[in-house]
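Q: Next come the chains, spelled out residue by residue.
There are 2 protein chains.
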Amino acid sequence: MNISFMQKLSDNWKDSLLCIGLDPDPSKMPPFIHTKGGTIYAFCKEIIDATADLVCAYKPQIAYFSANHAEDQLEQIIIYIHENYPHIPVILDAKRGDIGSTAEQYAIEAFERYKADAVTLNPYMGFDAILPFTSYTDKGVFILCRTSNSGGDEIQNLQVEGRPLYLKIAELASYWNTNKNIGLVAGATYPNELAGIRHIVDDMPILVPGIGIQGGDIGLTVKAGLLPDISGLLLNSSRAILYAGNDEDFASAARIQAQKTCEEITKAILNFKI
Amino acid sequence: MNISFMQKLSDNWKDSLLCIGLDPDPSKMPPFIHTKGGTIYAFCKEIIDATADLVCAYKPQIAYFSANHAEDQLEQIIIYIHENYPHIPVILDAKRGDIGSTAEQYAIEAFERYKADAVTLNPYMGFDAILPFTSYTDKGVFILCRTSNSGGDEIQNLQVEGRPLYLKIAELASYWNTNKNIGLVAGATYPNELAGIRHIVDDMPILVPGIGIQGGDIGLTVKAGLLPDISGLLLNSSRAILYAGNDEDFASAARIQAQKTCEEITKAILNFKI
Numbered sequence: 537m538n539i540s541f542m543q544k545l546s547d548n549w550k551d552s553l554l555c556i557g558l559d560p561d562p563s564k565m566p567p568f569i570h571t572k573g574g575t576i577y578a579f580c581k582e583i584i585d586a587t588a589d590l591v592c593a594y595k596p597q598i599a600y601f602s603a604n605h606a607e608d609q610l611e612q613i614i615i616y617i618h619e620n621y622p623h624i625p626v627i628l629d630a631k632r633g634d635i636g637s638t639a640e641q642y643a644i645e646a647f648e649r650y651k652a653d654a655v656t657l658n659p660y661m662g663f664d665a666i667l668p669f670t671s672y673t674d675k676g677v678f679i680l681c682r683t684s685n686s687g688g689d690e691i692q693n694l695q696v697e698g699r700p701l702y703l704k705i706a707e708l709a710s711y712w713n714t715n716k717n718i719g720l721v722a723g724a725t726y727p728n729e730l731a732g733i734r735h736i737v738d739d740m741p742i743l744v745p746g747i748g749i750q751g752g753d754i755g756l757t758v759k760a761g762l763l764p765d766i767s768g769l770l771l772n773s774s775r776a777i778l779y780a781g782n783d784e785d786f787a788s789a790a791r792i793q794a795q796k797t798c799e800e801i802t803k804a805i806l807n808f809k810i
Numbered sequence: 537m538n539i540s541f542m543q544k545l546s547d548n549w550k551d552s553l554l555c556i557g558l559d560p561d562p563s564k565m566p567p568f569i570h571t572k573g574g575t576i577y578a579f580c581k582e583i584i585d586a587t588a589d590l591v592c593a594y595k596p597q598i599a600y601f602s603a604n605h606a607e608d609q610l611e612q613i614i615i616y617i618h619e620n621y622p623h624i625p626v627i628l629d630a631k632r633g634d635i636g637s638t639a640e641q642y643a644i645e646a647f648e649r650y651k652a653d654a655v656t657l658n659p660y661m662g663f664d665a666i667l668p669f670t671s672y673t674d675k676g677v678f679i680l681c682r683t684s685n686s687g688g689d690e691i692q693n694l695q696v697e698g699r700p701l702y703l704k705i706a707e708l709a710s711y712w713n714t715n716k717n718i719g720l721v722a723g724a725t726y727p728n729e730l731a732g733i734r735h736i737v738d739d740m741p742i743l744v745p746g747i748g749i750q751g752g753d754i755g756l757t758v759k760a761g762l763l764p765d766i767s768g769l770l771l772n773s774s775r776a777i778l779y780a781g782n783d784e785d786f787a788s789a790a791r792i793q794a795q796k797t798c799e800e801i802t803k804a805i806l807n808f809k810i
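Residue numbers (our numbering), protein chains in the order written: chain C, 537 to 810; chain Z, 537 to 810.
Hints in this document: simulated from the structure, not taken from any laboratory. Fair warning: there could be bad hints in the mix.
Given that identical chains are not distinguished, each listed pair holds provided it fits within a single copy or across any two copies.
In silico EDC-like cross-links for lysine to aspartate or glutamate, where the CA-CA straight-line distance does not exceed 20 Å [as the list claims (entries may be wrong)]: (1) Lys-651 x Glu-607; (2) Lys-581 x Asp-561; (3) Lys-716 x Asp-547; (4) Lys-759 x Glu-800; (5) Lys-564 x Glu-640; (6) Lys-550 x Glu-640; (7) Lys-803 x Asp-753.
Please put together the full structure from these sequences, using the hints given.
A: Quick look at the structure:
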């Protein structure tokens with residue numbers, strides 16, 4: 537029997553809240569990698585092998601693969617994770633959003649072609665655009681709520697029925713969550729807003745980008761969003777880990793950076809418990 | 537010199553407001569096509585050759601290609617249009633939306649890899665997610681405003697500062713439009729709302745899905761959104777034209793359906809002028 541995304545996540549949270557984002561940018565990868573075939577696959581494989589014992593999930597960002605003509609390498613990386621680390625779920629960061637018949641095609645892309653365990657989605661088109669994904673009951677979806685970029689303010693902080701739009705999205709997501717496989721995306725760069733979201737969505741998983749290069753504070757994020765049983769958050773770092781080194785030891789450098797991040801998370805959890 | 541997207545569109549509007557959406561679904565394509573290699577490419581090529589004199593633009597929907605492992609065929613179709621019908625712009629319907637560094641990768645995907653003339657985008661993440669696309673000044677972007685699906689109501693019709701969110705998006709899009717290469721997406725299924733959008737955005741191009749299978753009324757749409765010089769709208773039909781026939785004459789059937797649609801548009805324009 538396949539283990540569902542939510543079950544995998546729940547099991548892994550006992551050991552780690554760290555999610556590593558796979559954003560393979562050839563211009564930032566160590567130069568010697570470029571000389572091999574399947575560059576992006578080779579880079580991601582080394583990062584994965586160096587960090588697999590430290591993470592609760594991996595999150596490949598599809599834009600980096602699409603821009604580089606590397607869909608086949610994305611397929612291979614996900615197969616590699618499933619075969620070698622079957623307990624680690626893969627969240628395809630694609631932020632898809634379209635009407636029903638097209639959303640069905642995007643769901644096939646994410647779950648059948650790429651065999652991702654979960655996918656990120658955009659809420660602007662309403663539940664029509666979400667349902668074809670949540671219908672895969674053993675898969676997960678993460679709906680954008682309060683994104684980590686400063687420009688997210690322009691739309692997400694508009695006042696709607698007496699509170700910001702992102703809180704209305706959190707309410708709608710709770711309402712849409714009949715299959716119990718919806719989570720949200722809320723950036724570490726806005727911990728107060730994350731706390732407001734957690735208040736609304738109870739024990740829903742929250743994927744939190746922004747703790748690496750973007751400068752989100754791990755302590756404040758954990759305080760704002762962690763559940764009492766030390767679960768509920770996927771703290772995502774991408775570039776800070778992937779590009780910690782730029783020579784032959786890049787994978788070791790990535791591991792060291794991932795360990796540092798885990799230590800910061802552990803410290804934040806200890807403070808949370810007090 | 538390359539002709540910009542907006543110039544191509546403006547030139548073509550003298551002859552047609554029809555945009556044909558390329559949503560190639562292998563389960564709906566004529567059975568004999570399936571026996572050939574490059575099925576999706578073959579199907580789209582026949583549709584294009586049969587309709588190229590009737591359209592102002594083509595709009596391939598990337599989800600159908602991604603679900604079917606057919607990125608290479610999408611590349612080939614766009615090259616085919618550019619080489620054989622260089623005056624017809626290609627709008628990649630991808631509804632992308634992500635933070636700056638990732639949006640840059642998506643812009644590379646749309647404009648450099650696929651060589652599309654324009655792309656559809658989602659506004660939820662704000663101008664950060666739009667700017668990497670509008671920076672390609674000879675290209676176009678269409679931002680989702682009021683989508684054609686009924687579920688679009690849930691978010692887009694929320695009241696914000698005294699009017700629905702989709703009108704706020706229209707205002708923001710006008711404000712973001714410093715390079716004069718932004719258009720909007722507004723469904724034919726809501727002509728009254730289209731009229732409200734046109735009132736705000738002056739002469740901005742509006743891509744209007746929903747006039748085919750989805751049942752949007754062409755007369756009401758033209759009345760609501762057309763500019764006095766008979767321009768400003770791309771009336772999109774996809775499935776009603778693509779799957780008008782299902783045997784060896786499918787391309788002729790598509791042409792006949794496209795001609796019928798053009799006749800309805802002409803009739804609506806005559807009524808508009810009165």
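Q: Does each hint hold? Answer for all of them.
A: A quick look at each hint next to the structure:
1. Lys-651 x Glu-607: both (13 Å within a copy, 18 Å between copies)
2. Lys-581 x Asp-561: within (14 Å within a copy, 34 Å between copies)
3. Lys-716 x Asp-547: within (16 Å within a copy, 51 Å between copies)
4. Lys-759 x Glu-800: The answer is within: 13 Å in one copy meets 20 Å, while 60 Å across copies does not.
5. Lys-564 x Glu-640: between (34 Å within a copy, 14 Å between copies)
6. Lys-550 x Glu-640: For Lys-550 and Glu-640, neither the intra-copy (34 Å) nor the inter-copy (36 Å) Cα distance is at most 20 Å.
7. Lys-803 x Asp-753: within (12 Å within a copy, 61 Å between copies)
Checked against the numbered hints given earlier, the structure breaks only hint 6 and satisfies all the rest.
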